[in-house]
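Asks: Read off the chains here:
There are 2 protein chains.
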Amino acid sequence: MQTKIILEEKDLPKHWYNISPDLPEPMSPPLHPGTKKPIGPDDLAPLFPMSLIAQEVSMEREIEIPEPVRAVYKQWRPSPLFRAYNLEKFLDTPAKIYYKYEGLSPSGSHKPNTSIAQAFYNKEAGIKRISTETGAGQWGSALSYAGAIFGLDIEVYMVKISYHQKPYRKSLMESYGAKCIPSPSETTNAGRAILEKDRNSNGSLGIAISEAVEVAAQNSNTNYALGSVLNHVLLHQTVIGLEAIKQMEIADVYPDIIIGCTGGGSNFAGIVLPFLGKAIKENKNTRFIAVEPSACPSLTKGKFAYDYGDTMHLTPLVKMYTLGADFMPPGFHSGGLRYHGMSPLISHLKNHSYIEAESFFQNDCLKSGITFAKTEGIIPAPEASHAVHGAIAKALECKRDGTAKTILFNLCGHGYFDMKAYEDFLAGTLDDSLFDETSITESLTKLPVL
Amino acid sequence: MQTKIILEEKDLPKHWYNISPDLPEPMSPPLHPGTKKPIGPDDLAPLFPMSLIAQEVSMEREIEIPEPVRAVYKQWRPSPLFRAYNLEKFLDTPAKIYYKYEGLSPSGSHKPNTSIAQAFYNKEAGIKRISTETGAGQWGSALSYAGAIFGLDIEVYMVKISYHQKPYRKSLMESYGAKCIPSPSETTNAGRAILEKDRNSNGSLGIAISEAVEVAAQNSNTNYALGSVLNHVLLHQTVIGLEAIKQMEIADVYPDIIIGCTGGGSNFAGIVLPFLGKAIKENKNTRFIAVEPSACPSLTKGKFAYDYGDTMHLTPLVKMYTLGADFMPPGFHSGGLRYHGMSPLISHLKNHSYIEAESFFQNDCLKSGITFAKTEGIIPAPEASHAVHGAIAKALECKRDGTAKTILFNLCGHGYFDMKAYEDFLAGTLDDSLFDETSITESLTKLPVL
Chain A
7 MQTKIILEEK DLPKHWYNIS PDLPEPMSPP LHPGTKKPIG PDDLAPLFPM
57 SLIAQEVSME REIEIPEPVR AVYKQWRPSP LFRAYNLEKF LDTPAKIYYK
107 YEGLSPSGSH KPNTSIAQAF YNKEAGIKRI STETGAGQWG SALSYAGAIF
157 GLDIEVYMVK ISYHQKPYRK SLMESYGAKC IPSPSETTNA GRAILEKDRN
207 SNGSLGIAIS EAVEVAAQNS NTNYALGSVL NHVLLHQTVI GLEAIKQMEI
257 ADVYPDIIIG CTGGGSNFAG IVLPFLGKAI KENKNTRFIA VEPSACPSLT
307 KGKFAYDYGD TMHLTPLVKM YTLGADFMPP GFHSGGLRYH GMSPLISHLK
357 NHSYIEAESF FQNDCLKSGI TFAKTEGIIP APEASHAVHG AIAKALECKR
407 DGTAKTILFN LCGHGYFDMK AYEDFLAGTL DDSLFDETSI TESLTKLPVL
Chain B
7 MQTKIILEEK DLPKHWYNIS PDLPEPMSPP LHPGTKKPIG PDDLAPLFPM
57 SLIAQEVSME REIEIPEPVR AVYKQWRPSP LFRAYNLEKF LDTPAKIYYK
107 YEGLSPSGSH KPNTSIAQAF YNKEAGIKRI STETGAGQWG SALSYAGAIF
157 GLDIEVYMVK ISYHQKPYRK SLMESYGAKC IPSPSETTNA GRAILEKDRN
207 SNGSLGIAIS EAVEVAAQNS NTNYALGSVL NHVLLHQTVI GLEAIKQMEI
257 ADVYPDIIIG CTGGGSNFAG IVLPFLGKAI KENKNTRFIA VEPSACPSLT
307 KGKFAYDYGD TMHLTPLVKM YTLGADFMPP GFHSGGLRYH GMSPLISHLK
357 NHSYIEAESF FQNDCLKSGI TFAKTEGIIP APEASHAVHG AIAKALECKR
407 DGTAKTILFN LCGHGYFDMK AYEDFLAGTL DDSLFDETSI TESLTKLPVL
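Here the protein sequences line up with chains A and B, keeping their order.
Converting from the first sequence to the numbering used here requires adding 6 to each position, the first position being numbered 1.
Converting from the second sequence to the numbering used here requires adding 6 to each position, the first position being numbered 1.
The set of hints was computed from the structure by calculation and includes no laboratory data.
Be aware that one or more of the hints could be misleading.
In this list, chains with the same sequence are indistinguishable; a pair is considered to hold if it fits within one copy or across any two.
[Unchecked claim] List time: in silico DSS-like cross-link candidates among lysine-lysine, alpha-carbon distance up to 30 Å:
#1 K43 / K16
#2 K325 / K373
#3 K252 / K80
#4 K102 / K452
#5 K405 / K80
Bear in mind the structure is a predicted one, so any value in this text is a computation, not a measurement.
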């Protein structure tokens with residue numbers, strides 16, 4: 007009875023997997039926020055190095071992982087794949103539950119898979135500083151770690167509600183030598199504009215993106231980095247699924263259902279895209295389920311439309327499932343999932359029914375997180391507890407129907423920095439009714455007209 | 007260039023290593039606190055199951071790890087051994103630095119190596135509840151995790167200063183279903199007696215032990231568990247060193263110097279004892295260095311004498327390096343190292359010069375912790391930062407002397423729950439002069455007379 011399937015360093019993927027050439031339907035191009043015409047590489051050059059812009063639009067199936075990036079990956083990769091024997095036993099389900107665990111990275115989540123790559127390419131391009139935003143702090147920590155490794159200054163705009171909920175995230179970023187600023191802040195035009203309207207703003211990923219983009223756009227030695235959403239970010243995360251394919255082969259099973267939580271879509275993409283590529287090419291019948299919070303349900307209640315990625319409308323327009331760039335998600339505990347939009351690639355896959363989506367309330371997810379901790383030992387990040395809950399729901403369906411499905415989910419991070427969520431859950435003080443349906447309807451009326 | 011050496015589940019040790027039969031000099035026996043005569047198994051029976059009492063005095067070299075314990079170990083074991091290439095490069099040292107990383111366990115340290123074993127044996131003996139103490143919270147979390155796995159109620163007395171410094175530790179224990187009480191508390195005679203003398207007592211491990219022992223002694227379905235100090239606890243930790251021996255063989259090097267931090271001595275023993283056994287049997291010339299805090303320097307400034315393990319003199323008298331059971335360590339940040347005494351086994355080894363000891367101030371250790379985070383990515387627990395600092399000090403000696411020694415240290419846990427220490431360090435508010443030498447002199451005058 008093998009609990010975890012581990013790979014050796016020599017099994018670390020040498021390439022990321024780019025699904026673009028395998029997609030039967032092409033994606034809609036991003037549009038310039040001013041001209042509303044498709045953007046070209048030059049439009050993105052003030053923010054990103056050319057190597058990453060090239061990856062953003064690449065049609066190569068395999069993109070080589072640079073050796074210096076692989077060298078850092080080896081600090082925690084290949085990551086283990088676990089069979090959740092204890093959880094299965096507790097649920098008394100005939101389902102086989104596997105999880106890929108990304109929480110063993112130095113900053114505790116899947117995020118370094120891309121932060122290390124992005125820092126490397128920026129360093130190579132002569133950039134001195136990177137500005138970024140972070141929700142729960144996973145991304146900010148991961149980029150701060152990457153900045154320390156490659157010698158770059160990192161400036162992180164952290165969504166204010168998370169900044170206060172998770173003060174240790176700031177300390178971690180600062181320990182890596184980075185700067186962490188609560189957003190909305192007084193340091194940018196975008197931040198000041200929001201504060202003028204609402205001094206007590208909780209902040210949101212949309213606002214923090216506006217601040218970080220502004221800083222990068224105004225400083226030539228500074229680039230911007232995004233922790234999710236963009237094609238190149240999702241690309242870097244495919245190491246997760248590529249490893250998982252090998253590990254499931256060793257376990258001699260193939261998943262019937264693959265589950266991940268979605269905020270911007272990157273950890274979900276990481277585990278799903280390589281399996282989805284196989285499903286398309288080998289005509290496999292695998293279900294891919296994105297799990298999102300009921301309080302910020304872009305895939306399940308949003309509209310598939312062109313919208314801005316940020317609150318201040320500084321980013322290109324992208325075709326995605328969106329709740330409207332003006333939507334202000336309530337201050338629930340999964341800061342990493344409080345985003346009004348969704349990765350264009352994941353949105354495209356949902357629109358063409360390659361993937362499904364489900365939404366759950368945070369109390370149910372955190373309850374499943376506790377069940378997981380008591381059986382498998384690991385306390386999931388509140389974001390990851392959505393994937394746990396999705397997997398438990400499917401395992402209980404198997405129990406009801408008497409079917410022995412193989413479920414694989416991505417446990418994208420641990421919750422050591424997020425214990426306030428569990429404290430509040432255990433105290434019974436978490437409110438699931440925070441969510442206001444009319445605010446979505448309203449914000450969707452303001453989608454840009456093309 | 008291999009960054010980490012991993013073992014497969016099949017390489018997980020099947021036995022713990024008991025050094026007792028290999029010790030040329032016998033240890034002094036523990037004495038009954040009342041009669042001052044050597045204690046027998048029956049004296050310990052109110053607190054521990056017979057299986058653990060047998061391990062405490064066993065002269066068998068190899069003690070089998072029960073299969074249910076190995077099954078849980080597989081959640082995180084074998085743990086990786088890292089070569090610290092980045093740190094070596096940063097220090098510009100000819101030394102080779104290796105570290106065994108125990109922070110990937112569900113509760114974040116080496117402690118589950120023994121909590122899982124202790125919970126198993128207690129469950130087997132029909133016990134329903136275990137009471138214990140915890141300093142920084144690593145042990146309390148680990149026992150809470152073990153309680154969840156084996157279905158035992160866990161009650162943790164947590165040293166008050168750590169309880170307030172690390173509120174998330176409490177949330178983690180509660181997520182595992184355990185109860186966490188700040189010590190000194192009003193719930194025990196021991197706690198009330200301390201509070202009567204000092205309402206603002208920071209607490210100490212010595213006091214918390216008194217509370218937990220009292221609870222176990224007064225309830226027949228309740229046992230007591232200790233996270234360090236005792237022979238059986240150190241025994242369970244030898245999986246660390248046993249794995250490390252195999253991993254160093256794979257790396258094709260043998261350590262010249264092995265370093266661990268010491269509070270009660272268990273993580274140090276875990277990595278050192280198997281190598282020390284080899285050194286004794288194969289006449290190897292390895293240095294074993296215990297690193298302790300200057301603010302609680304039992305091995306470097308204590309006396310090798312019979313003393314009580316707790317403040318209220320409820321425990322047996324053991325021969326150990328002690329600062330006196332009345333010594334109240336200042337409220338510095340490595341709660342796991344704030345213990346007046348030391349494991350009798352480690353003390354015995356020190357007294358016979360098998361091992362050396364050094365002490366360092368917390369600001370120096372946390373500074374090294376930051377250096378480690380910036381180079382190797384992992385933020386060490388403040389306790390573990392002592393081992394990091396010890397290793398860095400030795401690597402810099404190698405640089406000075408131009409010698410290419412191989413240094414191995416145990417990174418016993420991560421610091422995700424301890425970011426307040428780094429926050430205070432970065433803010434420059436940590437005071438190393440807290441330590442008062444006369445308080446040791448005074449407390450040592452009160453050692454029990456036999």
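Asks: Hint by hint, which ones does this structure get wrong, listed from lowest number up?
Replies: 1, 2, 4
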